[in-house]
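Residue-level listing of the chains:
Number of protein chains: 2
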Amino acid sequence: MSLSTNKDLPIGVFDSGIGGLTVLRALQHALPHENFLYLGDTARLPYGTKSPQTVKDYALNANEILVATGVKALVVACNTATAVALDALQEKFQPLPVLGVIAPGAIASLEIASEGPIVVLATESTAKWHAYRDILSSLAPERTVIEWPCQLLVALAEEGWCEGPLVEEIISKLLSPLFAYLGNTKPACILLGCTHFPVLKSAMQHVVGTIPVIDPAHTLAAQVITLLSSQNLLRAGTKQETQFMATDGIERFARVAQTFLGYAISSEDVELVTVIPKITTAKKANTA
Amino acid sequence: MSLSTNKDLPIGVFDSGIGGLTVLRALQHALPHENFLYLGDTARLPYGTKSPQTVKDYALNANEILVATGVKALVVACNTATAVALDALQEKFQPLPVLGVIAPGAIASLEIASEGPIVVLATESTAKWHAYRDILSSLAPERTVIEWPCQLLVALAEEGWCEGPLVEEIISKLLSPLFAYLGNTKPACILLGCTHFPVLKSAMQHVVGTIPVIDPAHTLAAQVITLLSSQNLLRAGTKQETQFMATDGIERFARVAQTFLGYAISSEDVELVTVIPKITTAKKANTA
Chain A
0 MSLSTNKDLP IGVFDSGIGG LTVLRALQHA LPHENFLYLG DTARLPYGTK SPQTVKDYAL
60 NANEILVATG VKALVVACNT ATAVALDALQ EKFQPLPVLG VIAPGAIASL EIASEGPIVV
120 LATESTAKWH AYRDILSSLA PERTVIEWPC QLLVALAEEG WCEGPLVEEI ISKLLSPLFA
180 YLGNTKPACI LLGCTHFPVL KSAMQHVVGT IPVIDPAHTL AAQVITLLSS QNLLRAGTKQ
240 ETQFMATDGI ERFARVAQTF LGYAISSEDV ELVTVIPKIT TAKKANTA
Chain B
0 MSLSTNKDLP IGVFDSGIGG LTVLRALQHA LPHENFLYLG DTARLPYGTK SPQTVKDYAL
60 NANEILVATG VKALVVACNT ATAVALDALQ EKFQPLPVLG VIAPGAIASL EIASEGPIVV
120 LATESTAKWH AYRDILSSLA PERTVIEWPC QLLVALAEEG WCEGPLVEEI ISKLLSPLFA
180 YLGNTKPACI LLGCTHFPVL KSAMQHVVGT IPVIDPAHTL AAQVITLLSS QNLLRAGTKQ
240 ETQFMATDGI ERFARVAQTF LGYAISSEDV ELVTVIPKIT TAKKANTA
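The listed protein sequences correspond, in order, to chains A and B.
Mapping of the first sequence onto numbering that gives the first Met the number 0: position 112 corresponds to residue 111, and the numbering continues sequentially without gaps.
Mapping of the second sequence onto numbering that gives the first Met the number 0: position 51 corresponds to residue 50, and the numbering continues sequentially without gaps.
Isolated chain A (complex conformation):
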């Protein structure tokens, strides 16, 4: 298949919005000679509060843009989309390699400590759909997994409030029912199960003391290297280029990006791509 055998094609990185830029940042660092094509489906964010079928439809639709543009691998840098759409994306775009963020996070959490409950901080939907619990129960059925919703941290990260006493106080209040629930049990780790959360990692580490805080993006980057090298698809010795695409609001995308990406981009660096919803209306029942 031509799609997956061209070394010079970029790696596609998909997210519902801008949180996936923390994953892109880790990939850019770990793969300095690769090109990247990032797509944020900002017209339909956030995926985290929508139903599984809706998220699946949106993810399948949006990733068509990346695949049509041409990528040698696809990274789903969105926990919600990974949780409900990874299988469907792999099936639709085979033999293109499609990697999600959940398995790397689960693997990283098992590597950090051999016992103690694994705490996953996530959006409401990732927590509710038990994506981390499901994969961890297959990898290590004896381990306890606690999926803790922290939706407010998404807004905090987008506001650019990443550190300082007030941020730590907010994190502390969000986690206090968790630690009350845990009692004297110390968790093995705190896994950042939402791509927005790594920008709060330092503040969170202050709050939780010696409990390791894990960003799955680093393990994911290692998986991408393994995968590409096994297929002789790694580029070498060339300068890295990254292109950004968003389905709406490129000015906001560019403005908020710096927090997550670690460097500034302008709206001119972001291409607006359109997913046109040709909408028909269907009511399930008549309430008149």
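Quick caveat, the hints were computed from the structure, so don't treat them as lab data.
Computed from a predicted structure; not experimentally measured.
DSSO-like mimics (lysine-lysine), calculated; alpha carbons at most 27 Å apart, straight line:
| # | chain 1 | residue 1 | chain 2 | residue 2 |
| --- | --- | --- | --- | --- |
| 1 | B | Lys172 | B | Lys185 |
| 2 | B | Lys172 | A | Lys200 |
| 3 | A | Lys238 | A | Lys6 |
| 4 | B | Lys55 | A | Lys55 |
| 5 | B | Lys172 | B | Lys200 |
| 6 | B | Lys200 | A | Lys172 |
| 7 | B | Lys91 | B | Lys127 |
| 8 | B | Lys238 | B | Lys6 |
| 9 | B | Lys200 | B | Lys127 |
| 10 | B | Lys185 | B | Lys127 |
| 11 | B | Lys172 | A | Lys172 |
| 12 | A | Lys200 | A | Lys185 |
Derived coverage of chain A by chain B (criterion: at least 3 residues anywhere in the stretch with Cβ under 8 Å from a Cβ of chain B; other residues may be distant):
| # | stretch |
| --- | --- |
| 13 | 33 to 45 |
| 14 | 48 to 61 |
| 15 | 154 to 162 |
| 16 | 168 to 176 |
| 17 | 245 to 259 |
Don't be surprised by glycine CBs; every beta carbon is placed ideally from N, CA and C.
Dock chain B against the given chain A, drawing on the hints supplied.
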């Protein structure tokens, strides 16, 4: 037109999600004999970070459900949708009366004090599109209007963090650049230009001291009474009924609703209605 001459039809209340329930609450209180039909377009929330054309498309599409079900008036309980889609909604559904939340807020702010800058707290998009500044500049061109984005307050309200020292500290931090900008000038009022914010009104009042904090929903309710009574469409002496519809995630809708509505509802009280995006993909330019 049959649509607008039936007293027993409900008043339609439209929002992108659940924030509009604060408007519904004010309407329920002010119009105890009217029925209401609320629709939250939760499949596509938030409107506040999307482009004007996208918001307009979504609002026109979603309101078809309310109009098709049958309403005697339409209240757009969403600042973003009011800002960019009110004209289009009025045109599309004429002669059905369609009221938005922005004009009532502007009127209320002018009634509270005859001088001093009017501060509007809003989502990023409402602030950016200058909907309040535009209407206030036509009603009172001499007044200064400051539209201040407070996106984080939306997440705070949805988390149910409505009061207490930490909430006040967060509000205080969000407003501190505003008060630094104002210097010694005292604002005439603080207008809550997002329907999520009224649940934080008490905490905000603590933070801003003697500056009046205005919830536009009360003025809006008075406008609805005037409108219906002028057309002899007010119901009398019958029990109020309210129906809830959402385009996605009815469990979450029901769970978060209590904060905004003031009473609990269950997911069985919320009807799932579907806006099906038949999506086609169009790229604006080739980036391969």
